[in-house]
Amino acid sequence: MNVLVCISNVPDTTSKINFVENDTQFDTNGVQFIINPNDEFGLTRAIWLQQQQQAEVTVLTVGDASCEAILRKCLAIGAQKAIRIDALPTDGFAVAQEIAAHCKNESYDLIITGRESIDYNGGMVGGILAGLLGMGYVTNCIGLTISGDTASLSREIDGGKENLSAALPLVIGAQKGLVEEDDLIIPNMRGIMQARQKPLTVLPSQNLTPKTTISKFEKPQPKGAVKLIAEDQLDQLIELLHSEAKVI
Amino acid sequence: MSVLIFAEAEKRTFKKVGFEVASYGRALADQLNVKLIAVAINTDDVHALAKYGVDHIVQIDTVALENFSAHNYAKALAAVAKNQNAKTVVLSSTANARYLAPLLSVALEASYASNVVALPVSLDPFVVKRSCFTNKAFNHTTLSGAINLIGLASNSYGIHEKTSQPEIVSFSVDVEQDLVQTQSIEKVTGKVSIADADIVVSGGRGLKGPENWHLIEDLATTLGAATACSKPVSDMGWRPHSEHVGQTGKPVASNLYIAIGVSGAIQHLAGINASKVKVVINNDPEAPFFKAADYGVVGDAFKVVPELIEKLKAFKAGAH
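Chains A and B are the protein sequences, given in the same order.
Residue 158 in my numbering sits at position 121 of the first sequence; the count goes up by one each step and never skips.
Residue 311 in my numbering sits at position 316 of the second sequence; the count goes up by one each step and never skips.
What the hints contain is simulated information worked out from the structure, not anything from laboratory work.
Derived list of chain B stretches under chain A, where covered just means 3 residues or more per stretch with a C-beta under 8 Å from a C-beta of chain A:
no.: 1; region: 85 to 94
no.: 2; region: 131 to 137
no.: 3; region: 284 to 297
Virtual Cβ for every residue (Gly too), placed ideally from N, Cα, C.
Take these sequences, add in the hints, and give me the full structure.
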């Protein structure tokens, strides 16, 4: 079984978000980059498939050379091969097209993306990839077992979950629940040393015209100060929520 | 030329987000000076859309689409969009809409922006404002497709009434076997889901253990609210993952968010930032949540919450 895990290089979840160059660029100064959490849940599930069902796990990212650090981390976690497509990921559709161009030359049985990246929050790469490749697609995936060439899956829906089945090949959008937070693999020294010897291939960009472009970033308006209500004045809170905020 | 919206339904009745998307679509169609067309799949009362300014309703009714299928719903919407010469397509941000949107963008070769929070910043070029960095920022995205697809963020535009007399036509679609088959659906019954809730009541580590969750549940019941929790609470197994709200959990965009015993880590605040009004109840006045909240009570949740429930019951039973 060949498994591809698509990885996005994102700012750590605790990062302060600021912009530079007239609010046209994200300020990377002092920001630590991590594997997108949704992708990491997917990677962990892929490593289990490797350990239990002899899957070969390849990780892939679309980005410049600065993304190689997290690819090495994925190799240290246990992926066998890494691929970097040398293009700037500015538009989700173009990113999916770059990945699809690679996948057409390979025979992946399972392609895992995160349900969304925590920086752009597009939530589109997996679905567009599935559409371009003509594969089945399940996102918000919180359960996956593979037996032969069939997958049984669960998808989180608003107010519950849906159980599904699908034939491989398949694209899934991973999220927390596919594996638990405690299941995430922290690379050990042996893994880190081995990762240095594992192949990391750089592929050229398809030089696509993006369908969307970001012209500017904005930060939310600063908030007014909190109105404090004494704990023995709860009637006042109810009155404020009713008359001022008009939410009850 | 037209603006096309998908008015989602559940159990043959339109969901509230269907009306929000219709309201947004109406305003957008007015700006573009084109017709607003709504697609309704398996619904009983399409006339409900006449309250939101829809000019034309394309009604699809087939047992083959009884279960949601991202592939076939995208295929049906693409067929209508092409048939109606739609240049702009607007979807909601429900789990199903976000699931089918990328497939629809492939089918229409459309430019797609999700999490759009307002009417376009500019029509030509077509620029929308969308949230990013999990609600910690916004960006202006230019969509340059022959067809542009927008995912409207939940509770960002609101519902605005405008009466119309829509023309209703039936439309039939080809339904293929989806590569993905639904086997069963497990829905929690008798509870409001976080996605649909106007009010969300959320508990954190300050509640000390799952045995105290009746406080959260009782307050939620009193308010007709959904229940939610912080990440540590779901990681410790006090509550199911489906209740975890925050950056790696569910986003919340309710009208009112009440956080009890939640300190307000940056990842939690990001996930709930799209909520309109935030209330915090915490015994630690230094908790970061007080900086993000509109209203705050510094106090012991075990004392404040039961009293708040009683007072709310009295308020609800009163003249209001």
